[in-house]
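There are 2 protein chains.
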Amino acid sequence: MLDFTFFTPTKVFFGKDKHKEIGKIIKEYGFTKIMMQYGKNSIKRSGLYDTVVSAIRAEGIEIVEMGGVEPNPKLAFAKEAACIAKKEGVQMILAVGGGSVLDSSKYTAAGACFDGDMWDFPTKKHTPKKALPVGCILTHAAAGSEMSSSAVISYPEIGMKRGFNSDTNRCLVAVMNPELTYTVGAYQTACGVVDMMSHTMERYFSLCPPTELTDNVAEGILKAIIKAGKTAVENPSDYEARATLMWASSLAHNDLTGCGRENVLPVHQLEHALSGEYDGIAHGAGLAVLYPAWARFMYKKDAARFARFARNVWDIVEADDEEAARQGIIAMEDFFVSIGMPASLSDFDITTDCIDRLVDLCTFSKTRTVKSYVDMDEAVLREIFHLAFHKE
Amino acid sequence: MLDFTFFTPTKVFFGKDKHKEIGKIIKEYGFTKIMMQYGKNSIKRSGLYDTVVSAIRAEGIEIVEMGGVEPNPKLAFAKEAACIAKKEGVQMILAVGGGSVLDSSKYTAAGACFDGDMWDFPTKKHTPKKALPVGCILTHAAAGSEMSSSAVISYPEIGMKRGFNSDTNRCLVAVMNPELTYTVGAYQTACGVVDMMSHTMERYFSLCPPTELTDNVAEGILKAIIKAGKTAVENPSDYEARATLMWASSLAHNDLTGCGRENVLPVHQLEHALSGEYDGIAHGAGLAVLYPAWARFMYKKDAARFARFARNVWDIVEADDEEAARQGIIAMEDFFVSIGMPASLSDFDITTDCIDRLVDLCTFSKTRTVKSYVDMDEAVLREIFHLAFHKE
Numbered sequence: 001m002l003d004f005t006f007f008t009p010t011k012v013f014f015g016k017d018k019h020k021e022i023g024k025i026i027k028e029y030g031f032t033k034i035m036m037q038y039g040k041n042s043i044k045r046s047g048l049y050d051t052v053v054s055a056i057r058a059e060g061i062e063i064v065e066m067g068g069v070e071p072n073p074k075l076a077f078a079k080e081a082a083c084i085a086k087k088e089g090v091q092m093i094l095a096v097g098g099g100s101v102l103d104s105s106k107y108t109a110a111g112a113c114f115d116g117d118m119w120d121f122p123t124k125k126h127t128p129k130k131a132l133p134v135g136c137i138l139t140h141a142a143a144g145s146e147m148s149s150s151a152v153i154s155y156p157e158i159g160m161k162r163g164f165n166s167d168t169n170r171c172l173v174a175v176m177n178p179e180l181t182y183t184v185g186a187y188q189t190a191c192g193v194v195d196m197m198s199h200t201m202e203r204y205f206s207l208c209p210p211t212e213l214t215d216n217v218a219e220g221i222l223k224a225i226i227k228a229g230k231t232a233v234e235n236p237s238d239y240e241a242r243a244t245l246m247w248a249s250s251l252a253h254n255d256l257t258g259c260g261r262e263n264v265l266p267v268h269q270l271e272h273a274l275s276g277e278y279d280g281i282a283h284g285a286g287l288a289v290l291y292p293a294w295a296r297f298m299y300k301k302d303a304a305r306f307a308r309f310a311r312n313v314w315d316i317v318e319a320d321d322e323e324a325a326r327q328g329i330i331a332m333e334d335f336f337v338s339i340g341m342p343a344s345l346s347d348f349d350i351t352t353d354c355i356d357r358l359v360d361l362c363t364f365s366k367t368r369t370v371k372s373y374v375d376m377d378e379a380v381l382r383e384i385f386h387l388a389f390h391k392e
Numbered sequence: 393m394l395d396f397t398f399f400t401p402t403k404v405f406f407g408k409d410k411h412k413e414i415g416k417i418i419k420e421y422g423f424t425k426i427m428m429q430y431g432k433n434s435i436k437r438s439g440l441y442d443t444v445v446s447a448i449r450a451e452g453i454e455i456v457e458m459g460g461v462e463p464n465p466k467l468a469f470a471k472e473a474a475c476i477a478k479k480e481g482v483q484m485i486l487a488v489g490g491g492s493v494l495d496s497s498k499y500t501a502a503g504a505c506f507d508g509d510m511w512d513f514p515t516k517k518h519t520p521k522k523a524l525p526v527g528c529i530l531t532h533a534a535a536g537s538e539m540s541s542s543a544v545i546s547y548p549e550i551g552m553k554r555g556f557n558s559d560t561n562r563c564l565v566a567v568m569n570p571e572l573t574y575t576v577g578a579y580q581t582a583c584g585v586v587d588m589m590s591h592t593m594e595r596y597f598s599l600c601p602p603t604e605l606t607d608n609v610a611e612g613i614l615k616a617i618i619k620a621g622k623t624a625v626e627n628p629s630d631y632e633a634r635a636t637l638m639w640a641s642s643l644a645h646n647d648l649t650g651c652g653r654e655n656v657l658p659v660h661q662l663e664h665a666l667s668g669e670y671d672g673i674a675h676g677a678g679l680a681v682l683y684p685a686w687a688r689f690m691y692k693k694d695a696a697r698f699a700r701f702a703r704n705v706w707d708i709v710e711a712d713d714e715e716a717a718r719q720g721i722i723a724m725e726d727f728f729v730s731i732g733m734p735a736s737l738s739d740f741d742i743t744t745d746c747i748d749r750l751v752d753l754c755t756f757s758k759t760r761t762v763k764s765y766v767d768m769d770e771a772v773l774r775e776i777f778h779l780a781f782h783k784e
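Sequence lines, in order, name chains P and S.
Take the first sequence: its letter number 189 is residue 189 in my numbering, and every next letter is one higher.
Offset between the second sequence (1-based) and my numbering: plus 392.
Hints listed in this document are in silico derivations from the structure and should not be mistaken for laboratory results.
Ideal Cβ positions, reconstructed from N, Cα and C, are used throughout, including at glycine.
Treat the hints with care, since some could be wrong.
The calculated DSS-like cross-link candidates involving lysine-lysine, where the alpha carbons are at most 27 Å apart (straight line), are [unchecked claim]: (1) S:K416 / S:K478; (2) S:K517 / S:K403; (3) P:K124 / S:K432; (4) S:K479 / S:K517; (5) S:K522 / P:K27; (6) P:K24 / S:K522; (7) P:K11 / S:K521; (8) S:K412 / P:K129; (9) S:K403 / P:K11; (10) S:K522 / P:K11; (11) S:K522 / P:K124; (12) P:K124 / S:K479; (13) P:K227 / S:K615.
To be clear about the criterion: a stretch of chain S counts as covered by chain P if any three or more of its residues have a C-beta under 8 Å from a C-beta of chain P, and this derived list gives those stretches [what the hints assert, rightly or not]: (14) 407-416; (15) 678-692.
Work the whole structure out from these sequences, hints included.
Below, the structure is given as structure tokens:
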């Protein structure tokens with residue numbers, strides 16, 4: 001077990017109608033003026049907007065609104081929001097939405113306490129020491145941003161999508177009512193399932209010795225996600241399945257599944273290149289194609305671990321490690337397809353012509369490799385992207 | 393899944409030599425004067441005392457010492473410590489030790505911010521709203537107090553041992569170096585194993601519908617504890633086993649295993665009566681006898697769940713639920729005995745004569761029942777204590 005620091009200070013309020021308590025929760029911390037970020041009009045259509053705004057105003061708390069956060073949230077938006085947050089003197093950013101709104105809010109919160117260029121956060125030119133507290137009312141189970149230390153932003157002007165990790169990115173409070181995810185469509189639900197599974201698997205398949213406790217926990221979380229994912233896609237109003245996915249999204253990415261392990265998330269780095277380049281590709285859908293491709297390239301490097309994964313998560317009974325590992329990857333791929341995910345990058349209407357550009361993005365223009373079982377240099381990345389164009 | 397609040401703000405520093413960083417860690421929070429609590433002389437013999445004191449003083453931080461915390465820590469000691477903490481104006485309590493030192497420190501921390509009788513905390517006459525921050529350097533994996541909201545204290549003058557739960561009981565920081573537990577003897581190691589297993593099982597067997605995600609996580613934690621427990625008892629310097637137990641003790645009791653479930657801990661309430669009455673009985677040893685006794689009384693009330701436990705934790709293959717459940721309880725009991733735990737209350741040199749007194753303590757002199765699958769009134773408690781005198 002490698003040394004680690006574990007820090008999940010977020011106070012989680014989980015359950016039915018919990019969002020109605022948001023005013024009281026914010027008041028408890030003494031905040032009197034907040035910024036509320038949200039996406040497009042869906043929270044207005046659903047009535048969530050009215051409920052939340054009323055609950056907050058009922059406690060005499062002032063709201064500065066920043067609606068219009070886009071999927072793959074944009075740096076320009078967060079910059080503008082940070083500027084307004086400073087000017088208005090808001091004490092907290094409340095994200096009402098999913099991972100995109102949360103990540104936009106996190107960048108805003110850090111930007112509001114910083115006078116330089118916010119792109120310095122992901123490029124590591126500046127590590128935020130301070131940020132406004134962020135709270136959220138979660139409406140989508142996927143990114144795990146509600147408890148994670150990470151925030152990812154797109155900078156379309158230069159065709160980049162990059163994240164940064166910092167304890168200042170940990171939410172102060174997260175309000176999670178699984179019922180708010182009933183209206184998430186099957187495709188987006190499935191994308192969320194893949195995203196949270198990837199957060200768990202990235203740590204599970206990181207470069208370090210086995211960690212029995214963390215491994216068992218990760219396998220248990222994966223099995224619960226697979227079962228609940230199937231149910232939620234088929235029956236969007238199944239409370240238990242929605243609740244399982246919502247809580248799993250947090251546990252998958254709050255570092256619990258990485259305790260004592262390396263935390264590198266290689267496939268996420270490939271996918272950020274992909275959906276950074278193609279704004280129409282949902283992060284989860286990109287992962288659904290790239291994860292099996294990465295696994296097919298890597299599994300022989302640690303067949304014992306991939307075999308354990310196959311047996312404990314996918315109930316593969318094959319005795320030979322390498323063959324079990326291969327069957328496990330196929331089972332994963334079949335599961336992704338069964339919940340409506342693409343099987344190949346060609347399903348996104350792109351061709352292998354994009355590979356050069358993706359490799360360039362992953363390697364930060366040939367200035368780095370991506371760590372995994374094999375150091376992923378240009379040649380390796382190229383092969384993995386090629387595999388992602390062909391289902392086995 | 394029942395509604396829940398999840399709050400684990402403790403910052404965990406886990407790994408080799410982490411205790412040497414304690415001075416820097418405390419300084420990071422800006423504290424300049426702390427109280428350090430510890431037990432008897434073992435930390436002086438091992439050299440830990442010198443290392444810790446030097447590391448703290450090297451940062452110019454003043455230490456008020458309170459050595460001498462006893463196992464089953466005493467209210468009188470905590471009262472005195474709270475009084476000194478107030479007088480000296482310390483800003484933090486640092487516990488160097490196991491669960492007893494931690495619980496004593498937690499009572500002290502709450503008492504230092506309260507002017508009334510500290511026995512009002514467990515009797516619920518007063519709920520602490522504020523407490524000094526508590527940090528710890530953990531030397532024993534068992535109680536999970538390093539991340540839990542609970543603190544238990546003994547009041548021998550009236551023959552009582554009682555706990556209270558409060559978010560003010562959550563540690564600010566927990567420093568965990570598994571190597572510090574190498575010197576914990578086999579018996580105490582086994583007691584710790586039983587304690588952390590019980591923390592997990594109490595929530596697993598609470599009165600509510602199955603919660604797939606939490607159940608999977610709990611089973612994974614239990615399996616890791618069982619494997620590492622056996623190893624650590626046999627080979628006290630096995631880092632991986634010690635690390636697994638140390639981290640498992642935290643996860644077992646930081647509420648992760650209770651998310652979406654009832655949190656009542658009935659068997660703990662029976663055991664607190666037992667070790668409150670008999671100071672020589674270690675908490676874990678008491679649980680090792682009482683848990684199987686409780687299970688033998690209860691399993692037919694929810695055979696499906698006890699059968700799941702038997703199959704997923706103890707690899708029982710029996711198809712019939714009730715029979716599988718019974719075999720699972722025997723497997724648990726055999727495991728406890730295999731790591732050196734007693735099988736019967738008579739192993740503590742007490743007789744069935746004590747049962748009246750224990751029942752009286754559990755029912756707070758016949759003013760309450762203890763909730764479980766069956767409401768545990770006097771008759772039920774009596775039967776369970778009788779079962780605890782006879783191994784099946």
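Hint check:
Note on S:K416 and S:K478: the hinted pairing holds, with a Cα-Cα distance of about 24 Å set against a maximum of 27 Å. About 30 Å separates the Cα atoms of S:K517 and S:K403, which puts this hinted pair outside 27 Å; it is violated. The straight-line distance between the Cα atoms of P:K124 and S:K432 is roughly 48 Å, outside the 27 Å bound, and the hint therefore fails. Straight-line distance between C-alpha atoms of S:K479 and S:K517 comes to about 25 Å, which keeps the hinted pair within the 27 Å bound.
Pair hint S:K522 plus P:K27 holds up; C-alpha atoms about 18 Å apart against a cutoff of 27 Å. As the CA atoms of P:K24 and S:K522 are separated by approximately 19 Å, the hinted pair is consistent with the 27 Å bound. For the suggested pair P:K11 and S:K521, the alpha carbons sit about 17 Å apart, so the restraint of at most 27 Å is met. Simply put, S:K412 and P:K129 have alpha-carbon atoms about 24 Å apart, close enough for the 27 Å limit, and the pair holds.
Our distance criterion of 27 Å between C-alpha atoms is met by S:K403 and P:K11, whose separation comes to about 14 Å. Between S:K522 and P:K11 the CA atoms are separated by roughly 17 Å; this keeps the pair inside 27 Å, and the hint holds. In summary, the hint linking S:K522 to P:K124 is not supported, as the alpha carbons are separated by about 38 Å, beyond the 27 Å threshold. Taken as a hint, the P:K124 and S:K479 pair is broken in the structure, with Cα atoms around 46 Å apart against an allowance of 27 Å.
About 21 Å separates the Cα atoms of P:K227 and S:K615, which keeps this hinted pair within 27 Å; it holds. Coverage of a stretch by a chain is defined here by at least three residues with a beta carbon nearer than 8 Å to that chain's beta carbons; for the stretch 407-416 of chain S and chain P the count is 3, and the condition holds. Counting residues of the stretch 678-692 of chain S whose beta carbon lies closer than 8 Å to any beta carbon of chain P gives 0, which falls below the threshold of three, so the coverage claim is violated.
In summary, the structure is inconsistent with hints 2, 3, 11, 12, 15 from the numbered list given earlier, while agreeing with the others.
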